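Participant: Here are the chains, one letter per residue:
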Amino acid sequence: MPQASQSARPERQGYVLLAPALIVYLLFAVYPMIDVVRMSFSSWNGLSPGANFVGLANYRAIFTQDPVFWGALRNTIWWTALAVTLPNLVSFGLALALNQNIPGKSGLRVVFYLPVIIASIAVATIWKWMYDPFFGLFNNLLMQFGLDGWILDWLGDRKVALWSVFVAHLWQSVGFSMVLFLAGLQGVSATLVEAARIDGAGRWGVFRYVTLPALKPTLMVVFVLSLINSLKAFDIVYGMTGGGPAQSTQMLAMWAYTQSMQLGVFGRGAAVSVVLLLITLVIVLPYIRWMFRREEMSR
Amino acid sequence: MTLFSQAFRPVGSAKVDPVLIALWVSLILLALIWITPFVFIVFTALKSNATVMGASAFMPPTELAFENFAAAWWRGNFSTTAFNGVVITVIKVPLGLFISAMAAYALAKVPMRMNKALFALFLFGTMLPFQVMLAPIFRQVNAFGLINTYPGIILPYLAFGIPYQVFILYCFFSAVPKELSEAARIDGASHFTIFRRIFLPISLPVLSALLILDFVATWNEFAMALVILQDPKMWTLPLGLMSFQSQFSSDYGELNAATIMTVLPAAIVYLMFQRYFVAGLTSGAVKE
Amino acid sequence: MTMTKGLISAVSALAVSACLTAGPAAAGEVKIWTLTFDNNSANLAWDKTIKEFEAANPGITVTREGRSVDEHKAALRVAAQSSQGPDIYFMWAGLGLGGEFVKAGLSKPLDAYYQQYDWDKRIVGTAGSFSKLYEGGRHGVPYTFHGEAIYYNKSLFQKAGIAELPKSYDELKAVAAKLKEAGIMPMTFGGTVNWHLMRLMDVILEAKCGAEKHDQLMDMKLDWGTEACATASFNELADWSQNYILKPFMGIDNSQSFNLFLANRAAMMVEGDWLVGQLSDAKKIDNFDLFPVPTGTDRLYGFAEYLYVSSKSRNPDEAAKFLDYLLSDKVQQENLGAFGSISVNSNVKYSKISALDQKWLDIFGEYTKIYVNGDQAFPLDVTTEYWRVINEVASGNIKAGDAGKTLQTFISNRG
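So the sequence lines, in the order shown, correspond to chains A, B and C.
Each residue of the first sequence is one higher than the one before, counting from 1 in the working numbering.
Each residue of the second sequence is one higher than the one before, counting from 1 in the working numbering.
Each residue of the third sequence is one higher than the one before, counting from 1 in the working numbering.
Certain hints may be false.
[Said to hold, decoys possible] Capping the alpha-carbon separation at 30 Å, the derived lysine-lysine pairs in DSS-like fashion look like this:
{"hint": "1", "chain 1": "B", "residue 1": "Lys233", "chain 2": "C", "residue 2": "Lys247"}
{"hint": "2", "chain 1": "A", "residue 1": "Lys159", "chain 2": "C", "residue 2": "Lys48"}
{"hint": "3", "chain 1": "B", "residue 1": "Lys15", "chain 2": "A", "residue 2": "Lys105"}
{"hint": "4", "chain 1": "B", "residue 1": "Lys233", "chain 2": "C", "residue 2": "Lys312"}
[Said to hold, decoys possible] So, partial list: chain A residues that the calculated Cβ filter (under 8 Å) puts toward chain B:
{"hint": "5", "residue": "Leu27"}
{"hint": "6", "residue": "Phe28"}
{"hint": "7", "residue": "Tyr31"}
{"hint": "8", "residue": "Met33"}
{"hint": "9", "residue": "Ala97"}
{"hint": "10", "residue": "Asn99"}
{"hint": "11", "residue": "Leu108"}
{"hint": "12", "residue": "Ala122"}
{"hint": "13", "residue": "Leu142"}
{"hint": "14", "residue": "Leu147"}
{"hint": "15", "residue": "Trp150"}
{"hint": "16", "residue": "Leu152"}
{"hint": "17", "residue": "Thr211"}
{"hint": "18", "residue": "Leu212"}
{"hint": "19", "residue": "Pro213"}
Don't read these hints as lab results, they were simulated from the structure.
Here the structure is a predicted model, which means the values were calculated and not measured.
All C-beta atoms, glycine included, are put in the ideal place defined by N, C-alpha and C.
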């Protein structure tokens, strides 16, 4: 008897410690996720008091009738694919370079990391101004060098608008992965590098057989983090193009927001959210399982 | 220059490596490109509109138009938005860290039947992008009648900040040797006491790193604030800047002054606490 | 113990801040949501009027919040679902934008106040007529009454040798061609705010379809896909955007476009009467003149802006009292030109006004009927699609011949 009560007490203490975080998390993060699924099966205009159940009608509507959905999905996929590769390649290169014995390393690191701590919406205003077709930096530079033919409506031409936004995103995100890679490189054993070199391995050999294998966990983390970040792409698109011109830079997260909060078709917005949520889960769940296992093993 | 006397030499080599010099030069060039946007907006912010539209874009300003800053401060309601940003950040960041630390301690050090399931639940949250569910978050906050209030924005911020912080602190606490807490348990100390007396103090370095990171993230957050803070009196700096951009897009000097004023606080914090940024980013994410 | 204390203090900090911001509205508080008006004298006139009203009515406090157009629309939608809304809100009149909020029950019927204050006696008939459009009573009072026309740069017209102003749509096209020949871009628009370029489509539709068909198209009673004049209009839109609009225009907004207009980069702009105020703010009013869009119908391009009392207002009587003050002869007379070049109050006397404002008065006197902007005629989701199609046609991604069909598909799918 006394033993039972003794083990129950600490457990109760544990729940007390856990409670505040758990309650807030369940109420404002988990519940909305359930709510969005429920919402996606109903029709609500945001103004009337109640919502009615409509089955799969919202999904049918976004898949077959919505003129923007597929474009937004395509943009999201392209954006994500590029966002996990291009900036990370740059970051990786930067990290490798900054890991060498060269002067001014910390100053350079500050410069490349600075855009990361700037609000995305400010990054959007900065780049929108540089892209200004009449008075912005890019077109002025092109004019100066006599490249008038290259002048573009960077954010107004649907062929380049999304990529113009992406360049701004690249500028902002390179520093983030760079720091992660640098930390990973710290973990590469110096003795191993030394040993490889003594064995006659060249620059490439050391990189291929020592550095790269040691960086595997870092690569995984960087990959997943930039993937999640890119699925979230919202602020920078909202600030730079608002989805335009003609919805050509629309992305799923923002299209869900537009449908729900601006057009007041909450059901369809929710359906778009659910699609994006499912995509996220498919990618992320294996990773979570991997992390969970690793955590288990380390205990 | 002692700095240069040892530079450009690979580890264990006394010779200057030309490849490293080439690398260094290209890094410097890239860094120059990287800071060009900052230079450009500072230049524009100091020009009058007539100069912006008349003279070449990359010429430094000749007559410094500091009045742009005053005008943007006034027209953009910066005193209000900066104040709101401070209130929200100052409440959210420490509060969030404190309850995350409590939860992480409980998960890591208190034997409970549901430890594993609860940890998995939090782990799941680290990957949940809230940008996907802005409308349902809005509905939930609205159901509590908290639209346009500080708690209305702080609670969802907490909810989406907690998982990551719990995860990192859990990893940290797990690594603390058992003996440390068990000795105290035998002495009859409750978990509350152990958490406060032992674990909180030893986690201060991690906490301060997380604090700085979370400060910048909260200060810069836009999407959630966009749906929950509709009242201009409740806006934070990013919302104020967005509104400024859509209302005064053709006052180029003032717009860029507004951008600079929005960016400056976070930039200063970063430059002051650089060390912690790296520590915070890497403490949890890249863990061996 | 200390920890629970910490928790309590944290929670109470939350509770305190909640009280500070979400406390019940003080008795006699009237919250007004309007736009931040481009024409700054309107903002100043509002502030002044509110101060006077508060001085004359101790116990009532009036606050005004201004937002940009798109923010305002979004904020109101949100207000409709929360208890945080305004007492009086600004919205356009008509079944599209204004009607949606009325239909959703956000607007309070004002029949009783119309009677109590006898507003019909002083409100200009055409401006007030919108309040009777809605079901279930009269909604809102007119705030302004706007017309849109073509502003042009006099010296650029002279340079191109244009002596006669165009009297028909074809003559307008001829003027555009002549300007272009002289190396002058005829028109400027800003594409990022979709409603700016839409004005061109609206006036083309009026010219190509005529009043009746245009109305039926906007009511979605005629098929956009099969109606020949709709396709013809999209063809015209494509022609204008390829040849006669200052490029690039998709990446700039309306105020940037106005800046270019001021800087003599383009000769014409489709803008409302409020531009007179902006032109005089910029001290460049003498270089510009205006003429109604020559569409060949007897209707003016324009709309009314209304102030509605929210059905959720806790102080509707005070709100009505403020509206009465705003509509009074005194306020309307004193702030003439600040709210709009023409007052919604018929007792206002006009004298000593600028030449351009006089022109607007003449135009308002000349026309009795108006056709409204597309985004005020269509429901929100159709407007979004209308904008998308217009932008696609303007940037050459949808062929003008298919544009009507695309729009009609969307309309038909709404069921």
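Participant: For each hint, tell me whether it holds in the structure or not.
Facilitator: Going down the list of hints, with the structure as the test:
1. Lys233/B with Lys247/C: violated (38 Å)
2. Lys159/A with Lys48/C: Violated, at roughly 48 Å.
3. Lys15/B with Lys105/A: Within the cut-off at roughly 20 Å; holds.
4. Lys233/B with Lys312/C: holds (20 Å)
5. Leu27: Holds - the Cβ of leucine 27/A comes within 8 Å of chain B, reaching about 7 Å at its closest.
6. Phe28: Since the shortest Cβ distance to chain B is 3 Å, the answer is holds.
7. Tyr31: With a closest approach of 6 Å, the tyrosine 31/A hint holds.
8. Met33: Where the cut-off is 8 Å and the nearest Cβ of chain B is about 6 Å from methionine 33/A, the hint holds.
9. Ala97: holds (5 Å)
10. Asn99: violated (10 Å)
11. Leu108: holds (5 Å)
12. Ala122: Holds: closest Cβ of chain B sits about 5 Å from alanine 122/A, inside 8 Å.
13. Leu142: violated (11 Å)
14. Leu147: violated (15 Å)
15. Trp150: violated (16 Å)
16. Leu152: Violated, because the Cβ-Cβ distance from leucine 152/A to chain B comes to roughly 16 Å (cut-off 8 Å).
17. Thr211: Violated, because the Cβ-Cβ distance from threonine 211/A to chain B comes to roughly 13 Å (cut-off 8 Å).
18. Leu212: Violated - the Cβ of leucine 212/A stays beyond 8 Å from chain B, reaching only about 15 Å at its closest.
19. Pro213: violated (14 Å)
Of the numbered hints given earlier, the model fails hints 1, 2, 10, 13, 14, 15, 16, 17, 18, 19; all others are met.
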